[in-house]
Amino acid sequence: MLEVNGVTVRYDTATVLDDASLRVEKGELVGLVGPNGAGKSTLLRAIVGLIRWEREVLRGTRQADITFEGDVIFEGERIDELSASDIARRGLVLCPERGRPFVEMTVRDNLLAGAYLCKDRKEVEKNLDRVHELFPRLKEREKQISGTLSGGERQMLCIGRALMRQPKMLLVDEPSSGLAPRLKEDLFKRVEEIYHELGVTILLAEQDVSFAFDLSVRNYVMSRGHIIAHGTAQELLGDETIRKTYLGL
Amino acid sequence: MVEGIIIQGLIKGGTYALLAVGFSLIFGVARMINLSHTCFYMLAAYGIYAFAKMLGMPLIAAAVLSLLATTIIGILTYRLFIDRVREHHVTVMLITLALAMVFQEWMIISFTSEPLGAPSFISGYWEIIGVKVSYQHLLTFGVALAVLICVWALLSKTRLGVAIRATAQDSEIANLMGINVRRILLVTMGMAAVLAAVAGIVVAPTLTLEPRMWTSPLVMIMAIVVLGGLGSVKGSFIGAFIIGFVEVLVVFLMPGGAFLKGAFALLVMVIILLVRPEGLFGIAFEEERL
Ligand SMILES: Nc1ncnc2c1ncn2[C@@H]1O[C@H](COP(=O)(O)OP(=O)(O)O)[C@@H](O)[C@H]1O
Ligand SMILES: [Mg+2]
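Taken in sequence, the protein lines are chains A and B. Counting from 1, position 229 in the first sequence corresponds to residue 229 in the working numbering; the numbering is continuous, with no gaps. Counting from 1, position 139 in the second sequence corresponds to residue 139 in the working numbering; the numbering is continuous, with no gaps.
Careful, some of the hints might be misleading.
To be verified - Not everything, but these chain A residues come out facing chain B in the computed CB check (under 8 angstroms):
hint: 1; residue: Ala14
hint: 2; residue: Val57
hint: 3; residue: Arg59
hint: 4; residue: Gly60
hint: 5; residue: Arg62
hint: 6; residue: Ser85
hint: 7; residue: Ala88
hint: 8; residue: Val93
hint: 9; residue: Pro96
hint: 10; residue: Val103
hint: 11; residue: Tyr116
These are computed hints drawn from the structure, not numbers from a lab. Cβ atoms here follow ideal geometry from the backbone N, Cα and C, with glycine treated the same way.
Starting from the given sequences, assemble the full structure and let the hints guide the process.
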C-alpha cells in the first residue's frame, strides 16, 4: 500500500534521513522504532509531503536549504511530487508528534476540521459519533478550548481528528510520548481497536519498543537516519546486537 | 448629546469594524500586515463616484460594480505581488506600502487631488430619541452590522470557516486535513477586500473623497487590531467600537480639538496595551511544536 524508496532528507549539510526504504502492505500495522533523534518523525513528515511544505514556506531564507530525494508510492502511484494537502486527500494521514491540536479551537471544531474533506453533514455527524465512542473523553470535553487539554487528551484528539476523515492509512507519530503508563496502555488499546475494527492500515512510530512490538506485525528499526533492521518482534528481539544496541532491552 | 455620541459612535465603530476585521483576518491567517488594506476602501469609494456620478449609472449598479471591481483588484494584487513573498513579513509590508502609494497616485491621476463628494444612496433623516439620524448613516451602520454578522456566521458555522480558522492557527497541520492552504489564503484576501469595499461603498456618501483617505483609517485599524489582540476577529470587532467611540467623544467634547481624535484613540490603545500587553482578546497558549 505504501512504499518508500531511498528517501534522503538533508537540512543544509546535516543528513537527517539517509536512503530510507520501507513497505507497508494493506491491512498491516507496522512499527517504526528507534531512539529520540533517529529520524522517525522526519520520515513520516517526508511521506506526507511536509518536508517539501517546509521548504516552500522557508523559501528565500537560509533554512530553506533542504534536500529531499527518493520516491514515495501510495496505492501504486507516486505521491512525492504532490502537495501535502493532496496527499491527505488520498487518504494518507499523519497524526503529528505531540498531537498539535488547533489550540484556540474547541475540541469539537478540531474534529470538524479533520472532517474538512467530507461535505455530507450527516456523514460528519456519524463519524463524530464513532470518534466519541472510541474516545468518550472527547465528548465530555467537546466545548473545551483544545489548548487547555492534557497531553493524553491531545493525543486522543489528534487521532480522533485524523479518523474524522476516514483515512485509508494512518501514520501515527509517538502517541505515547510524555504519557503516564496507564494512559499509554489505554491509548494503545484504542490504536489496536482502530486497527482491528476499523481496518485502517497503520505505520506507528514509537520510542517505546515494548508497546510497538505488542501491536505490530513487523517493525523497522531506525538509528541516526538509517533503517538498520527490519523484522517481526521475535526476530528483532532474537538478535542480540539489535536488542542490546538499538532497542536497549 | 449623549444620544448623538452613541449613534455617531456606532456608525464610526461599524465602519472601523468592517476594515479592522478584514485586516485582522489577513493577519491571523497569513501573518501578513497588509498596508494597502484601506486602499480597497478608497478604491471602492472612488468606484461609486466614478460609476454613479461620472458615468451616470444607477447607484445600486454602481455599488455592485464597485464592489466587484475592488474585490478583483484585491485578489489580483495578492496573486501577482504578495503570494510569492508571503512568508517574508517585512517584504510583504514594503510591497503593500508600495502598492498603497501606487493606488494613491492612480486616484490622483484619474480624479485629481481635489476633494470630491459621492452621491447619497438615500436622503432624509429619521428622528431616534430626539436625534436626527440621516438615512444614509443608518444604512451605513445597518449594512456594516449585517455584513459582520455574515462574516461571523461564516467563520463559526461553516466548513470554510473551520478551514480558515485552522489555517490561521497552524497552517502546516491544516495541510494534513486536506485543506489547500494557498487557496484559503486567497479566499481570505478576497473576503478582506470585500469587507473593505463594503466599508468604502457605504461610507463614501458621508465622506469627502480624496487620494489620501486611506492613511488615517489605516493607522486607526492597526491600533484597533493591536488593542483587540492580534489576529482575534472578536477583538477587532470590539476594538473598532472602542476606538470609534473615543474618536466621537473627542469630537463632541472638545469642539475645536477634533483634529486630536486620532491621537486620543492611539493613547487609548497604548493604555490598554500597558495593562494587557497581549491585547483584549489575545490568547497565549504554550505552543507545542516540533
Ligand atoms: N528542521 C530541522 N533542521 C535541522 N535538523 C533537524 C530538523 N528537524 C529535525 N532535525 C534533526 O533530525 C534528527 C531526527 O529528528 P526526528 O526525525 O525528529 O527524530 P525522531 O522523531 O526519531 O526523534 C534530529 O537529530 C534532529 O535534530
Ligand atoms: Mg519524533
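*Hold the hint about Arg59/A up to the distance rule: shortest CB distance to chain B must be less than 8 angstroms.*
Because about 7 angstroms separates Arg59/A from the closest Cβ in chain B, which is inside the 8 angstroms limit, the hint holds.
*Double-check Gly60/A for me: the hint is only fine if its C-beta lies closer than 8 angstroms to a C-beta in chain B.*
holds (6 angstroms)
*asked:* Arg62/A was flagged as interface toward chain B. Is the shortest Cβ-Cβ separation under 8 angstroms?
replied: Interface hint status for Arg62/A: violated (13 angstroms vs cutoff 8 angstroms).
*Does Ala88/A meet its interface restraint, that is, does its C-beta lie within less than 8 angstroms of any C-beta in chain B?*
holds (4 angstroms)
_Given hint Val57/A near chain B, where the shortest CB pair must fall under 8 angstroms_ = This interface hint holds because 5 angstroms falls under the 8 angstroms limit.
*Are Pro96/A and chain B close enough, Cβ to Cβ, to be under 8 angstroms, as the hint says?*
holds (6 angstroms)
*Are Tyr116/A and chain B close enough, Cβ to Cβ, to be under 8 angstroms, as the hint says?*
holds (5 angstroms)
*chain B contact restraint for Val103/A - C-beta distance below 8 angstroms*: Nearest chain B Cβ about 4 angstroms off; hint holds.
*asked:* For the restraint on Val93/A, tell me whether the closest CB of chain B is nearer than 8 angstroms.
replied: holds (6 angstroms)
*Does Ser85/A pass the interface hint, meaning its C-beta sits closer than 8 angstroms to a C-beta of chain B?*
Nearest chain B Cβ about 5 angstroms off; hint holds.
_Would the hint on Ala14/A be counted as holding, given a Cβ-Cβ threshold of 8 angstroms to chain B?_
Not OK, violated: Ala14/A not within 8 angstroms of chain B, min 15 angstroms.
Hint violations for this structure: numbers 1 and 5, all remaining hints satisfied.
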